[in-house]
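Colleague: One-letter residues, chain by chain:
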Amino acid sequence: MSELFQLSAVEAAQLLQAKKISSVELTGNVINRIEDVENRVQAFLIWDKELALSQAKVVDEHRMRGEDLSPLAGIPIALKDNICTQGIRTTAGSKILYNFIPPYDATVVNKLKQAGLVLIGKTNCDEFAMGSSTENSGYHTTSNPWDLERVPGGSSGGSAAAVAAGESLLSLGSDTGGSIRQPASLCGVVGMKPTYGRVSRYGLIAYASSLDQIGPFGRTVRDCAALLNLISGHDGMDSTSTSVPVPDYTKACESDVKGLKIGVPREFFAQGVSGDVDMLVRAAIEKLCELGAEAEECSLPFSEYALAAYYIIAPAEASSNLARFDGVRYGLRTKELAGHISLTEKTRNEGFGDEVKQRIMIGTYALSAGYYDAYYKRAQQIRTLIRRDFDRAFEKFDILLTPTSPTTAFKIGEKSDPLAMKLADVCTLPVNMAGLPALSLPCGFVDGLPVGMQVVGKPFDEETVFRVSHTYEQASLWHTSRPLL
Amino acid sequence: MPEYEPVVGMECHAELLTNSKMFCGCKNEFGGEPNTRCCPICLGMPGALPVMNREAVNHVIRTALALNCEITRDAKFDRKNYFYPDLPKGYQISEYDKPIGVKGWLDIEVDGQVKRIHIRRVHLEEDTGKLFHVAGDESFVDLNRSGVPLMEIVTEFPPDIHSADEARAYLMKLRTILTFIGVCDGKMEEGSLRCEPNVSIREIGTHILGTKTEIKNLNSFRAVQKGIEFEVERQAELTEAGEKIVQETRGWNDAKQITFSQRSKEGEQEYRYFPEPDLLPLEISDDWIEQIRLNMPELPDSRKARIISEYGLSAYDAAYLIEEKELVDFFEETAKLSGDAKLSANWIMSDLARLLNTDNTPIQNSPISPAHLAEMVKLINDGTISGKIAKTLIEEMFTTSIAPGLIVEDKGWKTIKDTGAIEALVEKVMADNPAIISDIKEKGLMQKKGFLVGQVMKASQGKADPQDVNRIIDEKLIG
Ligand SMILES: [Zn+2]
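Chains as they are written, first to last, in our numbering: chain A, 20 to 504; chain B, -13 to 465.
Possibly wrong hints are sitting among the right ones.
FRET-style restraints, in silico, Cβ to Cβ [stated by the list, open to error]:
hint	chain 1	residue 1	chain 2	residue 2	range
1	B	PHE246	A	GLY358	42 to 50 Å
2	A	THR403	B	PHE246	47 to 55 Å
3	A	THR403	B	LYS89	25 to 33 Å
4	A	ARG397	B	SER271	28 to 36 Å
5	B	ASN5	A	GLY432	51 to 59 Å
Pulled a few chain B residues facing chain A out of the computed Cβ check, cut under 8 Å [claimed, not checked]:
hint	residue
6	PRO26
7	MET31
8	LEU35
9	TYR77
10	LEU265
Think of the hints as simulated: they come from the structure by calculation, not from any bench. Just so you know, even glycine gets a beta-carbon here, dropped at the ideal spot from N, CA and C.
Given the sequences, and given the hints that come with them, work out the whole structure.
Modeller: This is the structure in structure tokens:
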């Protein structure tokens, strides 16, 4: 038998339920793996053996007493470090929060605790989720488990790398412009961004509030479905979370795409998408057609402007969301004290990294009087047009398939040009602008590096996304490949 | 010197009477140990999100309706961005271009003239915390008030108000309306109702608006009036001297009764408003508005008209009583229980008002209840006590809170009904004053009879009915 850390979460859960293994054994095995590979991968900002094992022990006790447990009780999980955890340091990858210990749990953390998952650590990310490689982390850069000289993607790079490296069975990330899907693609795991409003954002340190959404990482589509089941639903603490009913997503994980209409938006195969990626995604679509789906090319003309509009809206919201880090109540406070204006200026100057500062400046500029109409308002208009593009496409198609990332993982330090880095999200950004559910799953390898396909669904139709993804996964078996570490 | 007229715009902030703060479950109460009424949301912790308090929105809709506003059905919230240590999130959630209420008005009365003051907008926003500077180089922040729902009411531009008296009348009327509908306690001294007038002057007959100044920290009606008067005079003097008026915020020094420059408006803050992405637009439906309209308490203007017609009060008395909701409530209860509205009003407006004022007690804490006052009015009307005794009685009631009937019984203050006893007193007084009797009887100096009545009343310790005394003296003089 392979080691426990290599199991999918659903497989491990079945063994736990059958009492063939205990959560302490499973968690212990995962901890051993972390001790083994973490110095090379550096997926975590903080992890705690004792804390993990003590939670596992509690779940085992509950199970021994025959208590009713959730399907994923006892499974280890890692959380992106922009998700607040009560009593556990939460930095969002920023020096400005180097000492911040939240007195509250994010709603998703509450739900995971209720469901008996075992929190093993907080994963690295680009500072305040701004980036596509974890190179913007205020602490260190995470390595891609498939090639340690390459980036894992970002901003949820630590969460993707942890699952890929066997350092956790599951993890949560957040996705504002591709921050779950792009690292999932680069690390060869499954990652999903649910419909905006599907999962509560309470306790997620905000980057761009109208775009941010928490979502699951796993090694299989079914793992992600099982985890999404646990974290979805309306939350009285988040006004933007919706009360649309939450179905059992694992039930949607069945192999059946007969008669399914696939749209293939040509704009997503254009600029910057490498020939190999293009070929592998098209082959995956071909495979689904062999299984009974019908594919047709379509067009989402306004998605071409998504990148430009995104880099107005997201920084504008960020410039406001990050204003609270002023050195007054928590986090870093400059040692050079002199009046409250300089306290705030110096604290922010010392605490924020370059990318964050740049986005705050762009956002501040875009919202300024005299520029608001030309930038922010115009960007919102484009956003509406992008949404309409998708609405129109979904009148005809059940699902849209595209590459997740235009390329495979790039080398650490390779993309020194900030614009080149931002182009890494060109296929994922339009989906956030429209608030749609989308999943990335492996669809092949190029030179030993994973390639991901993006499966985009209608609003709140995560089920079709899971069904299509699961069907392809079971027919392809890419998900069984593991990096050698 | 040409004649100048003031042009005054009024910007008022009212803290709303809600159980909890605007976006979190923390208690909305005045005072408290610093930073004890706070949570991650009102402290602006990372990841915390606002959830709208519907009660606060209801209060603003209620106010907008009471001020004859149109309701913005798709009202929304915006972020007003600026840095200050008392503003935890670095932005204030407010309403920028779609306030809940627009285009309203209220009527004021100055020198018997009714004037309509137009209102531009009524909107909801959150209050900030408080910054304390202490000796040395430290400052402290108290965030108990952070996130308390605050309503802003702004008059129309160009302004209708052209005197300090009108400004004061506007503010008093606004306060009356807010307290009548129960959205604000109207306590200017505690800051739950704050007013920042902006003042400019112009030559009478012209329509050009001058440079305006805004006056802050006015915490009484008097201060608002005096502040505006001072500012108008200051601006007129500057204009006469050929000097420029600087656009600025000026503070009010209540001790010196002057305004002083606080900060120049040049290089003013840029707030970078944008729609609050953490809250959905409101979508105020017909049903919602109707529900609030149905439960709207009687407004001051219609209540005033009603108490005039229902109780036959003078316009003056009605205007006096209507100023405070608690006062007119007290009056109506007393009037109903006593069956004599006019006499009830007289006692409330004279002796009771004096006693409350001396004791610095608001009417709602009056030691004399409407029931007790009504009982006293009845005792006067049925002749049990004289009006003179009542003056002493009300003082006793005020200090003891005991029912007037019991006090009268205890002190033996009942009017003497026994005519035999009064006759005896009359006889004694007549016997003691033979000179007066002869003046009346022989010289016909009837005006001296008053002296006799006074003596008898004095001898009865005020308990005799003066009418009885008069009648008996007349009988004795004739007899
Ligand atoms: Zn609070």
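Colleague: Against the structure, test the hints numbered earlier, and report the numbers of the ones violated in rising order.
Modeller: Hint 1 alone not satisfied by this model.
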